[in-house]
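**Q** Sequence:
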Amino acid sequence: MARRLPAAIAIATALAVGLGVLVPKALAAQHPATSWVTRADAPAPPVGGGTAGGGPAGQSGSPQSTVAVNFSGEFLGWAMLDRTTGSVIGENLDKTSSTESMIKTWVVADHLRRAAAGKAGGPTPNEVKLASDAIKWSDDDAAQTLYERTGGNESIERMITMCGLTDTTVYDDWWSRTQMSPRDAVRLGECLANGTAAGPAWTTWLLQEMRQVSGTTAATEQQSTRGGGRWGIIDGVPAAQANTVAIKNGWTSYRSDGNWHINCLAVTDSWSMAVMMRYPSSQGLDYGAGVCESIAAQLLT
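Take any residue in the sequence shown, count from 1 to its spot, add 1: that is its number in our numbering.
Calculated directly from the structure, the hints in this document are not laboratory data. There may be inaccurate statements among the hints.
Cβ pair distances, simulated, as ranges [what the hints assert, rightly or not]:
#, residue 1, residue 2, range
1, Tyr172, Asp287, 37 to 45 Å
2, Gln299, Ala118, 23 to 31 Å
3, Gly122, Gln299, 41 to 49 Å
4, Lys96, Trp175, 16 to 24 Å
5, Ala240, Gly122, 16 to 24 Å
6, Asn71, Pro239, 38 to 46 Å
7, Thr221, Asp95, 21 to 29 Å
8, Ser257, Gly122, 42 to 50 Å
9, Ala220, Thr86, 18 to 26 Å
10, Ala219, Thr86, 33 to 41 Å
11, Gly123, Pro239, 34 to 42 Å
12, Thr162, Trp206, 20 to 28 Å
13, Thr67, Ala202, 35 to 43 Å
All figures in this text were calculated on a predicted structure; none of them were measured in a lab. Glycine included, each C-beta is placed from N, C-alpha and C at the ideal position.
All chains should be built: construct the whole structure from the sequences, respecting the hints.
**A** This is the structure:
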């Protein structure tokens, strides 16, 4: 899902999920099956706030050291952050791609935190409903309303500062095209989980909404400005742990470059994980969901 655009621009640039068959203007580069050995990155910059939840108990142990992915597309990167040590492993850690709806987590968190600190003492019931719709059903209109109320570009700039992001850049007045790297995505996950993003009053609520993301990749559950987003990393998590995982995906098929831009973000008490990719739209949404699932399964089982 992506920010809703004026109709004339939307037709010429990006097609959101759920519009059916797309004919790319140009095919993206094809890549053979790839096998990566993960490497340790420097610990994530410290971000404020305490750890939400009860620590690492009940989560999987150390991640596997090798991830093998059969991927055909323009870009694939992933990262996993150990929330206890701050260490990061992954591939293409500092390469960037558009965030799409993954960044709705920040837009919602930023609005709720600022509303709680404001003179009114909290968001209105309507704003809470907008926040829930933006997370559970990836509603673009709800996210756009909160984005505008929270300052647009200024909100994204706050994310970069508050979450200690090093590779992320603002795309003027367009939240879904914010450029972010896999390692910054897992830092965002940490920022959400430790309470920095939404603040003490709303972190528990936000993480619970992320655990209740609804819907699948089925065409019947994908609409032009909202859609089902419970797929990807969550499907690669051991079943006994799935209800502890907070997720938010982002997905848009662009006519301008002929690619799906897909991102999967997940966070638990123990780890934060992100997968980001671009690949030909002709391969469908399920292809990207499967890549996210495969990487998660290899890291966690």
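**Q** Taking the hints in turn, state whether each one holds.
**A** Hints and how they fare:
no., hint, in the structure
1, Tyr172 with Asp287: 37 to 45 Å, "27 Å, violated"
2, Gln299 with Ala118: 23 to 31 Å, "41 Å, violated"
3, Gly122 with Gln299: 41 to 49 Å, "46 Å, holds"
4, Lys96 with Trp175: 16 to 24 Å, "20 Å, holds"
5, Ala240 with Gly122: 16 to 24 Å, "40 Å, violated"
6, Asn71 with Pro239: 38 to 46 Å, "22 Å, violated"
7, Thr221 with Asp95: 21 to 29 Å, "38 Å, violated"
8, Ser257 with Gly122: 42 to 50 Å, "43 Å, holds"
9, Ala220 with Thr86: 18 to 26 Å, "42 Å, violated"
10, Ala219 with Thr86: 33 to 41 Å, "39 Å, holds"
11, Gly123 with Pro239: 34 to 42 Å, "37 Å, holds"
12, Thr162 with Trp206: 20 to 28 Å, "23 Å, holds"
13, Thr67 with Ala202: 35 to 43 Å, "42 Å, holds"
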